[in-house]
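Enquirer: Letter by letter, the chains look like this.
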Amino acid sequence: AQSVTQPDIHITVSEGASLELRCNYSYGATPYLFWYVQSPGQGLQLLLKYFSGDTLVQGIKGFEAEFKRSQSSFNLRKPSVHWSDAAEYFCAVGARYKLSFGAGTTVTVRA
Amino acid sequence: NAGVTQTPKFQVLKTGQSMTLQCAQDMNHEYMSWYRQDPGMGLRLIHYSVGAGITDQGEVPNGYNVSRSTTEDFPLRLLSAAPSQTSVYFCASSYSTDSRNVLTFGAGSRLTVL
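Which chain is which? The protein sequence lines are A and B, in order. For the first sequence, the numbering used here assigns the number 1 to the initial residue and increments by one for each residue that follows. For the second sequence, the numbering used here assigns the number 1001 to the initial residue and increments by one for each residue that follows.
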């Protein structure tokens, strides 16, 4: 069975600073990997996804993620954070009809 | 607007009561699923369906029933609510059962069981 670990429960970052959210997965075959974002009181929205090919993937809102097979990681990055990026971020791995989510990382942006 | 519609948005139940959370999608999606979201635990899959008449269990199915009589609807039933079922519930759907398909989520239903 697949699983996802997001080591950081909460991250605080200053507006304009860079952001990196960590994600480690466990899955026996080639994983399908996703990052979703959830704004307060809202459902989840897809930021980006990785299936195969180029290991650096670009998403919406200026986010990118890098797949590293050797480290079983799929970390999310943004060079310069905006106040509107304050949200909860979920990494997920998809396999056999099921999407397994990590526990999430809450991002707080300070002025 | 096309999407996933969940009702109700908020519900308070007493222990032992039953209720149904409704989920409807108008995108002709084949795959539908229910997740619950709890603090520090992310989203956990309760049940899913790969088409009308076909359902299966996810990670945390106990205490919940589902059925899929039409492509559009996928209700989640709590037969005898327990405080442990206090959570936010999300319905999600995708075009097919291919795990690469992106899920479209509803806005969520917040359930409190007293």
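It is worth saying that the hints were derived from the structure and are not from the lab. Glycine residues also receive a C-beta, built at the ideal position from the N, C-alpha and C atoms. A portion of the hints provided could be inaccurate.
To be verified - Restricting the straight-line Cα-Cα distance to at most 25 Å, the calculated cross-link-like pairs of lysine to aspartate or glutamate (DMTMM-like) are:
id	chain 1	residue 1	chain 2	residue 2
1	B	K1009	B	D1038
2	A	K98	B	D1038
3	B	K1009	A	E64
4	B	K1009	B	E1072
5	A	K98	B	E1072
6	A	K98	B	D1056
7	A	K98	B	D1073
8	A	K61	A	D85
To be verified - In silico negatives: residues of chain A with every beta carbon more than 12 Å from chain B:
id	residue
9	A1
10	A17
11	L19
12	Q38
13	Q45
14	N75
15	E88
16	T108
17	R110
Enquirer: Please write out, lowest number first, the hints stated earlier that are contradicted by the structure.
Expert: 3, 9, 12, 13, 15
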